[in-house]
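Trainee: Those protein sequence lines, which keep their order, are chains F and Z.
Following the numbering used here, the numbering of the first sequence begins with 1 at its first residue and continues without gaps.
Following the numbering used here, the numbering of the second sequence begins with 1 at its first residue and continues without gaps.
Bear in mind the hints are in silico, worked out from the structure with no lab data behind them.
One thing to keep in mind: the hints can contain errors.
Unchecked claim - Estimated spans, in silico, between C-beta atoms of each pair:
{"#": "1", "chain 1": "F", "residue 1": "9", "chain 2": "Z", "residue 2": "61", "range": "27 to 33 Å"}
{"#": "2", "chain 1": "Z", "residue 1": "63", "chain 2": "F", "residue 2": "39", "range": "24 to 30 Å"}
{"#": "3", "chain 1": "F", "residue 1": "85", "chain 2": "Z", "residue 2": "60", "range": "37 to 43 Å"}
{"#": "4", "chain 1": "Z", "residue 1": "56", "chain 2": "F", "residue 2": "115", "range": "52 to 58 Å"}
{"#": "5", "chain 1": "F", "residue 1": "68", "chain 2": "Z", "residue 2": "3", "range": "27 to 33 Å"}
{"#": "6", "chain 1": "Z", "residue 1": "112", "chain 2": "F", "residue 2": "39", "range": "16 to 22 Å"}
{"#": "7", "chain 1": "F", "residue 1": "66", "chain 2": "Z", "residue 2": "1", "range": "23 to 29 Å"}
{"#": "8", "chain 1": "Z", "residue 1": "14", "chain 2": "F", "residue 2": "30", "range": "27 to 33 Å"}
{"#": "9", "chain 1": "Z", "residue 1": "84", "chain 2": "F", "residue 2": "12", "range": "40 to 46 Å"}
{"#": "10", "chain 1": "Z", "residue 1": "69", "chain 2": "F", "residue 2": "80", "range": "42 to 48 Å"}
{"#": "11", "chain 1": "Z", "residue 1": "60", "chain 2": "F", "residue 2": "27", "range": "43 to 49 Å"}
{"#": "12", "chain 1": "F", "residue 1": "20", "chain 2": "Z", "residue 2": "72", "range": "40 to 46 Å"}
{"#": "13", "chain 1": "F", "residue 1": "9", "chain 2": "Z", "residue 2": "60", "range": "33 to 39 Å"}
C-beta atoms are modelled at their ideal positions from N, C-alpha and C, and glycine is treated no differently.
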Amino acid sequence: EAGVAQSPRYKIIEKRQSVAFWCNPISGHATLYWYQQILGQGPKLLIQFQNNGVVDDSQLPKDRFSAERLKGVDSTLKIQPAKLEDSAVYLCASSLGAGGNQPQHFGDGTRLSIL
Amino acid sequence: AQKITQTQPGMFVQEKEAVTLDCTYDTSDPSYGLFWYKQPSSGEMIFLIYQGSYDQQNATEGRYSLNFQKARKSANLVISASQLGDSAMYFCAMRGYTGGFKTIFGAGTRLFVKA
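Go ahead and model the full structure; you've got the sequences and the hints to work with.
Mentor: Okay, here's the thing in structure tokens:
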């Protein structure tokens with residue numbers, strides 16, 4: 001089966017600019033996650049979707065970050081305006097469901113550098 | 001609040017030997033799942049093994065086994081017969097079965113396998 005697809009792979013922007021990331025989960029996976037992974041740290045959950053509804057966005061900086069999952073499939077994560085501390089790898093993951101025993105399958109990530 | 005602690009920033013192991021990566025956790029959730037992921041230098045997160053809090057037996061997947069000690073709140077990963085390709089970052093993660101099944105990750109342990 002095809003894995004989780006993310007694009008772009010790399011992105012370099014200046015602070016205060018905007019950027020968007022795209023994710024296509026594994027076919028049939030109802031749950032989609034966006035994580036932020038700062039260098040040297042573990043991933044931090046930004047937002048979790050169940051189909052096209054938001055389950056958890058408690059750690060999403062809503063003044064600058066937004067995400068949507070239209071039609072319960074693809075998802076986009078946007079940052080506007082970007083700050084220096086947003087430099088990180090943004091990982092998208094999906095799972096069959098939100099059940100506690102469901103492993104998450106990750107994409108290759110987007111490495112974002114803010115100048 | 002949930003917390004994952006990985007106290008070993010880096011570990012060295014000789015090829016073909018076994019190695020244990022430590023993980024302790026804290027949660028008030030009566031039911032939860034514990035996961036280990038591998039992240040090679042290329043960046044993708046690879047699911048390795050899962051242990052449910054009510055599972056009576058320790059989980060095993062090929063060369064990976066999880067040493068689960070519920071009373072001590074530890075879920076150590078054991079890799080047997082280490083291979084050079086095992087060199088990577090390893091993350092322990094936990095998901096509670098309540099509160100939206102939010103997943104948290106530890107800071108990770110970098111494993112170096114020596115020839």
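Trainee: Taking the beta carbons of residue 68(F) and residue 3(Z), is their distance inside 27 to 33 Å?
Mentor: For residue 3(Z) against residue 68(F), whose Cβ atoms are near 30 Å apart, the range 27 to 33 Å holds.
Trainee: For the hint 52 to 58 Å, verify it against the beta carbon of residue 56(Z) and that of residue 115(F).
Mentor: 53 Å, holds
Trainee: Hint says 24 to 30 Å; check whether the CB-CB distance for residue 63(Z) and residue 39(F) agrees.
Mentor: 29 Å, holds
Trainee: So the hint says 16 to 22 Å: do the beta-carbon atoms of residue 112(Z) and residue 39(F) match that?
Mentor: 18 Å, holds
Trainee: Taking the beta carbons of residue 14(Z) and residue 30(F), is their distance inside 27 to 33 Å?
Mentor: 43 Å, violated
Trainee: Given the hint of 40 to 46 Å, check if residue 84(Z) and residue 12(F) actually sit that far apart at their C-beta atoms.
Mentor: 33 Å, violated
Trainee: In this structure, is the beta-carbon distance linking residue 9(F) and residue 61(Z) contained in 27 to 33 Å?
Mentor: Given range 27 to 33 Å: holds, Cβ gap about 29 Å.
Trainee: Determine whether the Cβ-Cβ distance between residue 69(Z) and residue 80(F) falls within the hinted range of 42 to 48 Å.
Mentor: The hint (42 to 48 Å, Cβ to Cβ) holds, given that residue 69(Z) and residue 80(F) are roughly 46 Å apart.
Trainee: The hint says 37 to 43 Å between residue 85(F) and residue 60(Z); measuring C-beta to C-beta, is that right?
Mentor: 40 Å, holds
Trainee: If I claimed the Cβ atoms of residue 9(F) and residue 60(Z) lie 33 to 39 Å apart, would that claim hold in this structure?
Mentor: With a Cβ separation near 34 Å, residue 9(F) and residue 60(Z) satisfy 33 to 39 Å, so the hint holds.
Trainee: Does the beta carbon distance between residue 20(F) and residue 72(Z) stay inside 40 to 46 Å, or does it fall outside?
Mentor: 44 Å, holds
Trainee: Hint says 43 to 49 Å; check whether the CB-CB distance for residue 60(Z) and residue 27(F) agrees.
Mentor: Check failed, 29 Å falls outside 43 to 49 Å.
Of the numbered hints given earlier, the model fails hints 8, 9 and 11; all others are met.
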